[in-house]
Amino acid sequence: MNSKQKYVIVVALVLIATALILWIANGGEILSKDGIWVEQPMTELDKALGQKPKLEFVEQFTLGLLPHIAVFVGGVVFISAALFFIFKTKKEKDIK
Amino acid sequence: MKKIIQTFTLVLVAITISVAQGFKVKATGEKTFNFEDKKGGSQVSFFSTTPLEDVTGISNAITGKVTFKVDDIKTLKGSISVPVASLKTGIDLRDEHMKSENWMDAENYPDITFVIKNVSDVKIETDNRLQAKVTGDFTTHGVTKEIVVPVTLTYLDESEQTKQRAPGDLLGVQATFNITLSEYDVENMVIGQKMAEDVKITVNIVGSSSM
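The listed protein sequences correspond, in order, to chains A and B.
Take 2 as the starting number for the first sequence in our numbering and just add one per residue.
Take 8 as the starting number for the second sequence in our numbering and just add one per residue.
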């Protein structure tokens, strides 16, 4: 393994680790979401009518493992593997 | 003999009145409440939890009418409907899957309905609020099953406060119950078990006597 290959592995690991930290920081959801359900504040009339809080969809992106993190990590692994192979080939050519 | 018949009649009337359980409000007689709310203030929601994700969905397009004698809730009759096409989960693609032929089949079975058959176990909370168990036919995906739904009913006579919502007297209905999808031939496997077998349904609806 030459220095370029080591550099590729380190960069790939840093990118994957960063993506996983971001994923955990966003709540560690399995699936990405475009929004969340929040309870609407109840009016006095709602309370008088014995109602429970109603739900409202609020647009708020949540980064999930699928598909965003998985696609990113897959892409990093694929590109790293390709670069690893390219750099290895170049080294063998240089020796010849 | 005449006195015996009169006494018997009076006792019978007294028993009927004491057995009748309903609201003690200003309104009297039979009332019909319409639950169609164009402002979307009423809501039916469902919740499903699986290891993969929790799914919440709502509909604000509730329709239906109920009729009952104000002082006797056991006379309650009517039905409530929710169009399948109105269900929203927050993810458009999932909504499309849900309405598709493979799942809820909104085209062939456009409505989820509950038709009231009878009322039992009435518990008076306050003069204008009571709890009861409502037995009825629940239909979804073309399959009808009799279920018992515990409900809380709240009656509000028309006032300046109620007019903010709708004209006429208001009836608030709050209920929470579970249904098992497979009992209604809904194959949750089709969408990769993203929905649990048991789905919790919450009803928060308000009907008006003048709509």
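Treat the hints as calculated values from the structure; they're not laboratory data.
Take these hints with a grain of salt, some might be off.
[Said to hold, decoys possible] Lysine to any residue pairs mimicking SDA-like chemistry, simulated, CA-CA at most 25 Å apart: (1) A/K55 with B/L188; (2) B/K95 with A/L16; (3) A/K53 with B/L100; (4) A/K55 with B/K33; (5) A/K48 with B/Y116; (6) A/K48 with B/E103; (7) B/K31 with A/K34; (8) A/K55 with B/K106; (9) A/K55 with B/N67; (10) A/K48 with B/T159; (11) B/K33 with B/I131; (12) B/K38 with A/D47; (13) A/K53 with B/S217; (14) A/K34 with B/D102; (15) B/K84 with A/T44; (16) A/K55 with B/A27; (17) B/K45 with A/K34; (18) B/K45 with A/Q41; (19) B/K95 with A/I31; (20) A/K48 with B/D102; (21) A/K53 with B/S166; (22) A/K55 with B/S216; (23) A/K55 with B/V155; (24) A/K53 with B/T96; (25) A/K48 with B/L188; (26) A/K48 with B/F184; (27) A/K34 with B/E204; (28) B/K95 with A/Q61; (29) A/K48 with B/E204; (30) B/K170 with A/T44.
[As the list claims (entries may be wrong)] Computed list of chain B residues with no C-beta within reach of chain A, every gap over 12 Å: (31) S88; (32) D99; (33) V156.
Idealized CB from N, CA, C, for every residue including glycine.
For each hint, the structure was consulted:
About 24 Å separates the Cα atoms of A/K55 and B/L188, which keeps this hinted pair within 25 Å; it holds. Proposed proximity of B/K95 and A/L16 is contradicted: the alpha carbons are some 36 Å apart, above 25 Å. For the proposed pair A/K53 and B/L100, the alpha carbon gap of about 28 Å is over 25 Å, so the pair is violated. Distance restraint check for A/K55 and B/K33: the Cα-Cα separation of roughly 29 Å exceeds the 25 Å cut-off, and the hinted pair is therefore not satisfied.
Distance hint between A/K48 and B/Y116 is unfulfilled; the C-alpha atoms sit about 34 Å from each other, more than 25 Å. In summary, the hint linking A/K48 to B/E103 is not supported, as the alpha carbons are separated by about 34 Å, beyond the 25 Å threshold. Taking the CA atoms of B/K31 and A/K34, the gap is near 48 Å; set against the 25 Å cutoff, the hint is violated. Restraint check: the Cα-Cα separation between A/K55 and B/K106 comes to about 23 Å, which is no more than 25 Å; the hinted pair holds.
For a cut-off of 25 Å, the pair hint linking A/K55 to B/N67 stands: about 10 Å separates their Cα positions. Between A/K48 and B/T159 the alpha-carbon distance is near 12 Å, which keeps this suggested pair within the 25 Å criterion. A distance of roughly 16 Å separates the Cα atoms of B/K33 and B/I131; the hinted pair therefore holds under the 25 Å criterion. Note on B/K38 and A/D47: the hinted pairing holds, with a Cα-Cα distance of about 21 Å set against a maximum of 25 Å.
Pair hint A/K53 plus B/S217 holds up; C-alpha atoms about 23 Å apart against a cutoff of 25 Å. Note on A/K34 and B/D102: the hinted pairing holds, with a Cα-Cα distance of about 14 Å set against a maximum of 25 Å. A distance of roughly 29 Å separates the Cα atoms of B/K84 and A/T44; the hinted pair therefore is violated under the 25 Å criterion. At most 25 Å may separate the alpha-carbon atoms for a hinted pair to count; A/K55 and B/A27 exceed this at roughly 33 Å.
Between B/K45 and A/K34 the alpha-carbon distance is near 29 Å, which puts this suggested pair outside the 25 Å criterion. For the hint pairing B/K45 with A/Q41, the CA-to-CA distance comes to about 18 Å; that is within 25 Å, so the pair holds. With a C-alpha separation of about 20 Å, the suggested pair B/K95 and A/I31 falls inside the 25 Å cut-off, and the hint holds. Restraint check: the Cα-Cα separation between A/K48 and B/D102 comes to about 31 Å, which exceeds 25 Å; the hinted pair is violated.
With a C-alpha separation of about 21 Å, the suggested pair A/K53 and B/S166 falls inside the 25 Å cut-off, and the hint holds. A hinted pair counts as satisfied when its Cα atoms are at most 25 Å apart, and A/K55 with B/S216 qualifies at roughly 22 Å. Distance hint between A/K55 and B/V155 is fulfilled; the C-alpha atoms sit about 23 Å from each other, no more than 25 Å. Restraint check for A/K53 and B/T96: the C-alpha separation of about 19 Å stays at or below 25 Å, so the hint holds.
The hinted pair formed by A/K48 and B/L188 fails the criterion: a straight-line CA distance of about 32 Å is larger than 25 Å. Pair hint A/K48 plus B/F184 holds up; C-alpha atoms about 20 Å apart against a cutoff of 25 Å. Pair hint A/K34 plus B/E204 holds up; C-alpha atoms about 22 Å apart against a cutoff of 25 Å. Between the alpha carbons of B/K95 and A/Q61 the distance comes to roughly 16 Å, so the proposed pair stays at or under 25 Å and holds.
Between A/K48 and B/E204, the direct Cα distance comes to roughly 32 Å. Violation of the 25 Å bound is thereby established for this hinted pair. Among the hinted pairs, B/K170 with A/T44 is consistent with the structure: their alpha-carbon atoms are about 14 Å apart, no more than 25 Å. Every Cβ of chain A is farther than 12 Å from the Cβ of B/S88; the closest lies at roughly 19 Å, confirming the non-interface assignment. Here B/D99 does not stay apart from chain A, with its beta-carbon only about 8 Å from theirs, under the 12 Å limit.
In this structure B/V156 is separated from chain A by more than 12 Å, as the shortest Cβ-Cβ distance comes to about 15 Å.
Of the numbered hints given earlier, the model fails hints 2, 3, 4, 5, 6, 7, 15, 16, 17, 20, 25, 29, 32; all others are met.
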